[in-house]
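J.: Sequences listed follow chains A and B, in order.
Its first residue numbered 1, the first sequence is counted upward by one per residue in our numbering.
Its first residue numbered 1001, the second sequence is counted upward by one per residue in our numbering.
There could be a bad hint or two in this list.
[What the hints assert, rightly or not] Part of the chain B face toward chain A, derived, beta carbon under 10 angstroms: (1) Arg1061; (2) Leu1063; (3) Leu1064; (4) Thr1066; (5) Pro1067; (6) Gly1068; (7) Glu1175; (8) Lys1182; (9) Gly1183; (10) Glu1187; (11) Asp1199; (12) Arg1202; (13) Leu1308; (14) Lys1358; (15) Gly1360; (16) Asp1362.
[Said to hold, decoys possible] Calculated cross-link-like contacts (lysine-lysine; reagent style DSS-like; alpha-carbon spacing at most 30 angstroms): (17) B/Lys1092 - A/Lys175; (18) B/Lys1092 - B/Lys1106; (19) B/Lys1097 - B/Lys1129; (20) A/Lys110 - B/Lys1358; (21) B/Lys1358 - A/Lys135; (22) B/Lys1106 - B/Lys1091; (23) A/Lys175 - B/Lys1091; (24) B/Lys1378 - B/Lys1106; (25) B/Lys1358 - B/Lys1182; (26) B/Lys1097 - A/Lys175; (27) B/Lys1091 - A/Lys135.
Hint data in this document are derived by calculation from the structure and do not stem from the laboratory.
Quantities reported herein were computed from a predicted structural model and do not represent experimental measurements.
Each residue gets a CB set at the ideal place from its N, CA and C atoms; glycine is no exception.
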Amino acid sequence: MDTTMNPATQLYCTTHPAMGTEYSLYLYAGSHQEADSIARSVFQEVDRIDGLLSNYQPSSELSRINRDAFQHAVTTDPETFRFLETCMAWSERSHGAFDISVGKLMRVWKFFGASGALPSPEEIARAREDVGWEKIRLDTAQRTVRFLSAGIELDPGGIGKGYAVDRAVRILRAKQVPAALLSAGSSTIYALGAPPQEAGWKVRVPSVLLDGATASTVVLRDTSLSTANLSEKNFVHDGHFYGAIMDPRTLQPVEGTLQATVISPSATDSDALSNALFVTGPEGRAQLLETRQHDRALIIRRKQSAQQHPIAAEYEAIRWPADVARESATELSSAREE
Amino acid sequence: MNRRSLLQGLSFSMLAAKLSSASPFYGQAEPQPKTSRSISANDRIQIGFIGPGSRGQELIRQLLRTPGVEIAAQCDIYEPRFAEVDELVGKKVPAHKDYRELLQRKDLDAIFIATPPVFHAKYAIAAMKSGRPVYCEKTIGFTPEDCNNVVDATRRTGQIFQVGHQMRYASWIVESVNRVRKGDIGEPTHVYGYWHRSDNWRREVPNPSLEHLMNWRLYRESSGGLLEELGSHHIDIANWVFGERPQTILGTSSIAVYHDGRTVGDNVQAVFGYSKGRRMFFSSLTDNGLMADQVWIYGTEGSLQITLEDATLYKQTSKRITEASHSDVVQKGVETGASYNANSEMPYRGPGYRLHPKPGEDATRTACGSFVDCVRNKQQPFANVDVGFGSGIACSIGRQALYEGHMEKIPELRA
Chain A
1 MDTTMNPATQ
11 LYCTTHPAMG
21 TEYSLYLYAG
31 SHQEADSIAR
41 SVFQEVDRID
51 GLLSNYQPSS
61 ELSRINRDAF
71 QHAVTTDPET
81 FRFLETCMAW
91 SERSHGAFDI
101 SVGKLMRVWK
111 FFGASGALPS
121 PEEIARARED
131 VGWEKIRLDT
141 AQRTVRFLSA
151 GIELDPGGIG
161 KGYAVDRAVR
171 ILRAKQVPAA
181 LLSAGSSTIY
191 ALGAPPQEAG
201 WKVRVPSVLL
211 DGATASTVVL
221 RDTSLSTANL
231 SEKNFVHDGH
241 FYGAIMDPRT
251 LQPVEGTLQA
261 TVISPSATDS
271 DALSNALFVT
281 GPEGRAQLLE
291 TRQHDRALII
301 RRKQSAQQHP
311 IAAEYEAIRW
321 PADVARESAT
331 ELSSAREE
Chain B
1001 MNRRSLLQGL
1011 SFSMLAAKLS
1021 SASPFYGQAE
1031 PQPKTSRSIS
1041 ANDRIQIGFI
1051 GPGSRGQELI
1061 RQLLRTPGVE
1071 IAAQCDIYEP
1081 RFAEVDELVG
1091 KKVPAHKDYR
1101 ELLQRKDLDA
1111 IFIATPPVFH
1121 AKYAIAAMKS
1131 GRPVYCEKTI
1141 GFTPEDCNNV
1151 VDATRRTGQI
1161 FQVGHQMRYA
1171 SWIVESVNRV
1181 RKGDIGEPTH
1191 VYGYWHRSDN
1201 WRREVPNPSL
1211 EHLMNWRLYR
1221 ESSGGLLEEL
1231 GSHHIDIANW
1241 VFGERPQTIL
1251 GTSSIAVYHD
1261 GRTVGDNVQA
1271 VFGYSKGRRM
1281 FFSSLTDNGL
1291 MADQVWIYGT
1301 EGSLQITLED
1311 ATLYKQTSKR
1321 ITEASHSDVV
1331 QKGVETGASY
1341 NANSEMPYRG
1351 PGYRLHPKPG
1361 EDATRTACGS
1371 FVDCVRNKQQ
1381 PFANVDVGFG
1391 SGIACSIGRQ
1401 ALYEGHMEKI
1411 PELRA
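From just these sequences and the hints, can you work out the full model?
T.: Below, the structure written as structure tokens:
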């Protein structure tokens, strides 16, 4: 077997379906064979996390917890337990703006395995019993999970891809890959190292107002970026737009926020924080970001003054490391208004 | 000569032969005094783990999801495993390089074995002799003698022994076999197992000298190949369905794609003969994953498909004669035309009846949980040593049949 490694100067690209999306991996490697072997290990890890956290796979650990944790305390493995602790910490930090107990809410709003539909007021009222991170009890000494309400259902949608990316990046680091970019369907991206002669990996944050326009381009190195927006699943009812990001406190889809993008060293954190920032109001956002000095955010909101179509946007950039094309966005929105 | 230099540049068989004199890890198992403690209802079951590689770590992960279990000891000759296990368990697990050292500990209640199968019998027998229940990955032995020796040891020691045939614990497979037993597909005559992948089955090796140690599955001296590693699960299902062990095997294997120095085939086709002319067919490909992992049970009145997540029943359409009282064939006559109709020879593409006993929990977790219950309640497991013998003897004889390309008789359990 050939042990001499070529310098990792060739860029390779591959994709892999997982977690209801397509993961993309760009990496520099010395040979096709080496790139292939690394990619296999990376996607094997992504699949392992999918098998751990998927709420679509009945055999996943999360599904087992969902089935049994109201009946009795469920003993789980340290990795799953730590993941749940991280989720709970984000719920506490965000005062419930981030909450993985929204599973039932996603079903009531028909966003689970579908693209959404308006529920009846009774359905929403019933969901109130079944949602709420404070109804999840973790016992560290016993390593158990317990639900205090029968209908609690964990949905990892706001953090699972970030966690998978973090775990996969560990593999890339262990294999001493000098430069790679891993994207979980573009909503969470990790930039490892930098391409040759570059300062980092370029990531474009789209304008939400016009397809193809860019709001900001950042250059990332050894950090992650996550975006929460409503482009994936949404529906319009009576001219009103409903997106798939729920406010667990109101049991309604979030109104007002169009997009939240976060840069954070941890992909788990950037995924969770982008969703928390998407959900919470301006005060909550300031409070959340105050304690996270290493994190950066770019939030695009619907202008308060313009409730009707077409929409206009306002930008909020917190420690954002690049220019934001606010003016062009305004131009685009006004162009749309004409 | 230290262990590291010893491992370098040796084939697996040379390694085993060399180490049997040089290292206690490969030494002769000696009868051990009864070292297990008595377990009371609230005690945590202390597990000693031998061979925590990739499959072993999956077992550990499932054990960590089982209440009242502690991973208390680990043993491996490949030391990087120790840190991996520590991370998985979330704390430092006392590590041993010599399995006998692990078995001498007084605080262990049960032993898990997930080494390459060539070592299963030796470690399982030593563990049972030391007074501990054993969960041993399939197959229980590498040679026919191994398989018989494990059964002997289980009988002699009266120990609890479970083989790693976790499919016996999958709710939808249990339901399938119950349906077959009830006659839902008539008389089951054939079990066809397909385990096809698109994967070279090769593990990445950090250092070429570790090739035979890490890629033990690819070499004849340490592996029964695809028949043993994958087929054994399907053979076990056939044994379960037919209620007996196979009597003959006819098989073939070749290297069609991966000419990379491996000595086991990258594809296998094997036919096992059971009584009354019943047959089990196993096919494994590694360059085309279309069929994936599925078992079909064919009966005289229907078929049952089992996958890793579910099971589906297909009933054959009945071809009974009906009364023609309302037919106008007499008044209007029949039409003449071309006679060819391909329908009867086309695959059935209609729906089947999905069996839903309950949402499918991971079968390995159920199997591990059940074993722990057996240890607590001092019961023999469902996947007991007889189950292990059934697939083990078929694979150990089968290996020979594949290499030599002729039919082999599968012997009964040694008297």
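J.: For each hint, tell me whether it holds in the structure or not.
T.: The hints, checked one at a time:
Proximity of B/Arg1061 to chain A holds as hinted, the smallest CB-CB distance being about 5 angstroms (cut-off 10 angstroms). Below 10 angstroms, beta-carbon pairs count as interface contacts, and B/Leu1063 has one with chain A at about 9 angstroms; its hint therefore holds. At about 4 angstroms, the closest approach between the beta carbon of B/Leu1064 and any beta carbon in chain A falls short of 10 angstroms, and the interface hint on this residue holds. For the restraint placing B/Thr1066 at the interface with chain A, the shortest Cβ-Cβ distance is roughly 6 angstroms, inside the 10 angstroms limit, so the hint holds.
This hint holds: B/Pro1067 has a C-beta 4 angstroms from the nearest C-beta of chain A, less than the 10 angstroms allowed. The beta carbon of B/Gly1068 comes within 8 angstroms of a beta carbon in chain A, closer than 10 angstroms, and the hint placing it at the interface holds. A hinted interface residue such as B/Glu1175 counts as satisfied when its beta carbon comes closer than 10 angstroms to some beta carbon of chain A; here the least separation is about 14 angstroms, so the hint is violated. This hint is violated: B/Lys1182 has a C-beta 24 angstroms from the nearest C-beta of chain A, more than the 10 angstroms allowed.
Hint status for B/Gly1183: violated, given a least beta-carbon distance of 28 angstroms to chain A, over 10 angstroms. Here the hint on B/Glu1187 is broken, as its CB sits about 32 angstroms from the closest CB of chain A, past 10 angstroms. With its C-beta approaching chain A no nearer than about 8 angstroms, B/Asp1199 sits inside the 10 angstroms limit, and its interface hint holds. A hinted interface residue such as B/Arg1202 counts as satisfied when its beta carbon comes closer than 10 angstroms to some beta carbon of chain A; here the least separation is about 9 angstroms, so the hint holds.
The beta carbon of B/Leu1308 comes within 8 angstroms of a beta carbon in chain A, closer than 10 angstroms, and the hint placing it at the interface holds. Look at B/Lys1358: its Cβ gets to within about 9 angstroms of chain A, closer than 10 angstroms, so that hint holds up. Below 10 angstroms, beta-carbon pairs count as interface contacts, and B/Gly1360 has one with chain A at about 5 angstroms; its hint therefore holds. Annotation: B/Asp1362 was flagged as interfacial toward chain A, and the flag holds, the nearest CB pair being 4 angstroms apart, inside 10 angstroms.
With a C-alpha separation of about 24 angstroms, the suggested pair B/Lys1092 and A/Lys175 falls inside the 30 angstroms cut-off, and the hint holds. Taking the CA atoms of B/Lys1092 and B/Lys1106, the gap is near 19 angstroms; set against the 30 angstroms cutoff, the hint holds. For the proposed pair B/Lys1097 and B/Lys1129, the alpha carbon gap of about 20 angstroms is at most 30 angstroms, so the pair holds. A C-alpha spacing of about 23 angstroms is found between A/Lys110 and B/Lys1358, which places the hinted pair at or below 30 angstroms, so the restraint holds.
Taken as a hint, the B/Lys1358 and A/Lys135 pair is honoured in the structure, with Cα atoms around 25 angstroms apart against an allowance of 30 angstroms. At roughly 20 angstroms between alpha-carbon atoms, B/Lys1106 and B/Lys1091 fall within 30 angstroms of each other, so this suggested pair holds. A hinted pair counts as satisfied when its Cα atoms are at most 30 angstroms apart, and A/Lys175 with B/Lys1091 qualifies at roughly 24 angstroms. For the suggested pair B/Lys1378 and B/Lys1106, the alpha carbons sit about 19 angstroms apart, so the restraint of at most 30 angstroms is met.
Of the pairs offered as hints, the one joining B/Lys1358 and B/Lys1182 holds, with about 19 angstroms between alpha carbons and a cut-off of 30 angstroms not exceeded. Annotation: proposed proximity of B/Lys1097 to A/Lys175 holds, straight-line Cα distance about 26 angstroms (limit 30 angstroms). Simply put, B/Lys1091 and A/Lys135 have alpha-carbon atoms about 29 angstroms apart, close enough for the 30 angstroms limit, and the pair holds.
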